[in-house]
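Chain by chain, the residues:
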Amino acid sequence: MAPKSTSAVPVAARGVTKRFGDFAALQELTLEVHSGQCAGLLGPNGAGKSTFIGCLYGAVDRTGGDLRVFGLDPIRDARRIKERIGVVPQENALDEELTVFENMSLYARFQSLRKPFRRIEELLEHMSLGHKRDAQIKSLSGGMKRRLTFVRALLSDPELLILDEPTTGLDPAVRHLLWERVLSYRQRGKTVLVTTHYMHEAELLCDQVIILNHGVAVATGSPKELIRKETPGFVGIFDAEQKHAVKAHLGPDWHTFMQARQYCVRAPQIENLITLQAASRITAIQMRPANLEDVYLKLTGEELSEDA
Amino acid sequence: MRELLISLRLAWSVVVRNWVVYCKDFVANISPTLADPALMMTALGMGLSPYIRSIHGLSYAQYLAPGMAATTVLFTAFFECSYGFYVRMAFESVFKAMLTTPIGTREVVLGEFMWVSIRAGLMAGGVGVVLVALRLLPNPWAVFVFPFIGAILAIPCGAIGLLASTYVRNINQFQTVYSFLIAPMYFISGTFFPIGDRPVLGILVQVSPFYHGVSLLQMTAWNQYSPVRVIQHLGVILAYTVLLGLWSVARVRKKLIN
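If you're matching them up, the sequences are chains G and R in order. Count along the first sequence from 1, then add 143; that gives the number in the numbering used here. Count along the second sequence from 1, then add 1173; that gives the number in the numbering used here.
Warning: the hint list may mix true and false statements.
[Stated by the list, open to error] Among chain G residues calculated to face chain R with C-beta under 7 angstroms, some are:
{"no.": "1", "residue": "202"}
{"no.": "2", "residue": "222"}
{"no.": "3", "residue": "225"}
{"no.": "4", "residue": "249"}
[Unchecked claim] Here are the computed lysine-lysine pairs in the DSSO-like style, where the Cα-Cα straight-line distance is at most 27 angstroms:
{"no.": "5", "chain 1": "G", "residue 1": "441", "chain 2": "G", "residue 2": "390"}
{"no.": "6", "chain 1": "G", "residue 1": "288", "chain 2": "R", "residue 2": "1269"}
{"no.": "7", "chain 1": "R", "residue 1": "1269", "chain 2": "G", "residue 2": "258"}
{"no.": "8", "chain 1": "G", "residue 1": "258", "chain 2": "R", "residue 2": "1197"}
{"no.": "9", "chain 1": "R", "residue 1": "1197", "chain 2": "G", "residue 2": "275"}
{"no.": "10", "chain 1": "G", "residue 1": "441", "chain 2": "G", "residue 2": "372"}
{"no.": "11", "chain 1": "R", "residue 1": "1269", "chain 2": "G", "residue 2": "275"}
{"no.": "12", "chain 1": "R", "residue 1": "1269", "chain 2": "G", "residue 2": "281"}
{"no.": "13", "chain 1": "R", "residue 1": "1197", "chain 2": "G", "residue 2": "288"}
Keep in mind that the hints were calculated from the coordinates and are not lab data. Positions of the beta carbon are idealized from the N, C-alpha and C atoms, including for glycine.
So that you can see chain G by itself, here it is in the shape it has in the complex:
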């Protein structure tokens, strides 16, 4: 059991394990999400992100370890936990036949909210859906449905917002709108836990990320820390055809890898890359600071070696 001082911590996991028969979906996962923080769970499909999310509100029963949400155990107290959280699941699961307003009214009832109608109207406006109040769900676009799922999760003004791949498959405009809404929600001192495989999203929203691979946490820290620790420096991207010409001028501790059929060189300083261009007489396609995606690809073992 977690010590008493952490009982109010929104999420505290100690050695959480989930097995499906012989398959371990989560192995000894330990993490904490503090009040007011935005934590990101990153990892490839099947890494255990959604399994962990499910464990938090009783949709998945963990098979081992200790898990507390606001100090409560989801296996025993799922309902009390669910009174305090909002969830945007991977699937919207809205009632297609109903109108936007009917749908939200029903969910307000599930949350036992009193006089929810003004709240619903406000949130619809907030998510730019006010004009769709009486539209049938099945007439909405994918982006609108997603925004409505956010409205649904925010109805009870939850203390903890759980987002499971919130922006997968959405166009950039909707994605930016949702990011803005998540940030403004956080600004009110609320806590967010998000799963994603968009590294840009994680860098933008999260102050702590946990990279999962095969159910194991392979790295934890702020995006900046992780980049500094795992893939420091700058990346120059070159045409794969010019690999050998570039390779002759690399520094001793530089790192090389392939990305989308492009030859990438990571050097400690941007000046190193500029010197490299001059020495090899080859201009890079792009030069950029190393980012979370580099960390992610390295740690999940998805980075292709330069021989690939």
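Place chain R on chain G using the hints.
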């Protein structure tokens, strides 16, 4: 106690959800439950009745009448909890979203049972009104008791559907459940011919919860009460309700929670 009240309120919100969705397609939803017994009464009651001598002093149409109310209950409850529930669970992911709210699997099952119970009760009452209008109920006051019998009979009938939903591997397999469980109950539970006093069938039929519901409706419709038999029939239905109800909660939980 407080927990129970919260559970009931949440289960009621499941009923409201189903009602709101049901109303979206009201005519299509209500048609089979009313048309089927009407057709049955026309074909068998009016069509066949003149050729059959009386049963227990009743015309065949009068004999058949309460069974039609029972049949409506059976089909309403079974189809709602089998196909209806399965579609909500597997195709519409209704419960995935619902379970992110304070509603748990217990409330889902309780809500589904309350929903079919109310719906089937109202249907039984509706069929009762039609039967009274056709002067097929020797005891016309029975129409006020029909909804209550319908409501309690609906739960074991619905539970069979709900349990089937948790065992079938795809939606077509409900057909098997229908053919080997629901259809036999429908045809061989005293609905179409007296069965209770038959040597072998009369004993076998005792295991069918539907038979006990049919008997209760018949006793009411024909004004042939026997307190002992009322208690027997109610007891069996209640026992099935508890047994299948608890089994349903366990199965649905297993299906919805990983």
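Status of the hints after comparison with the structure:
Checking residue 202 of chain G against chain R: minimum C-beta separation of about 6 angstroms stays under 7 angstroms; hint holds. For residue 222 of chain G, the interface hint holds, since its Cβ comes within 7 angstroms of a Cβ in chain R; the closest pair sits about 5 angstroms apart. Satisfaction of the interface hint for residue 225 of chain G is found here, the shortest Cβ-Cβ separation to chain R being roughly 5 angstroms, below the 7 angstroms cut-off. Hint on residue 249 of chain G holds. Least Cβ distance to chain R is approximately 5 angstroms, under the 7 angstroms limit.
Under the criterion of a C-alpha separation no larger than 27 angstroms, the hint pairing residue 441 of chain G with residue 390 of chain G is consistent with the structure, at around 20 angstroms. Restraint check for residue 288 of chain G and residue 1269 of chain R: satisfied, since their Cα atoms lie roughly 16 angstroms apart, inside the 27 angstroms limit. The suggested pairing of residue 1269 of chain R with residue 258 of chain G holds, with an alpha-carbon distance near 25 angstroms, which does not exceed 27 angstroms. The suggested pairing of residue 258 of chain G with residue 1197 of chain R holds, with an alpha-carbon distance near 24 angstroms, which does not exceed 27 angstroms.
For the proposed pair residue 1197 of chain R and residue 275 of chain G, the alpha carbon gap of about 18 angstroms is at most 27 angstroms, so the pair holds. A hinted pair counts as satisfied when its Cα atoms are at most 27 angstroms apart, and residue 441 of chain G with residue 372 of chain G qualifies at roughly 12 angstroms. Only pairs whose Cα atoms come within 27 angstroms are accepted, and residue 1269 of chain R paired with residue 275 of chain G is accepted, the gap being roughly 24 angstroms. Straight-line distance between C-alpha atoms of residue 1269 of chain R and residue 281 of chain G comes to about 18 angstroms, which keeps the hinted pair within the 27 angstroms bound.
Simply put, residue 1197 of chain R and residue 288 of chain G have alpha-carbon atoms about 20 angstroms apart, close enough for the 27 angstroms limit, and the pair holds.
In this structure, every one of the numbered hints holds.
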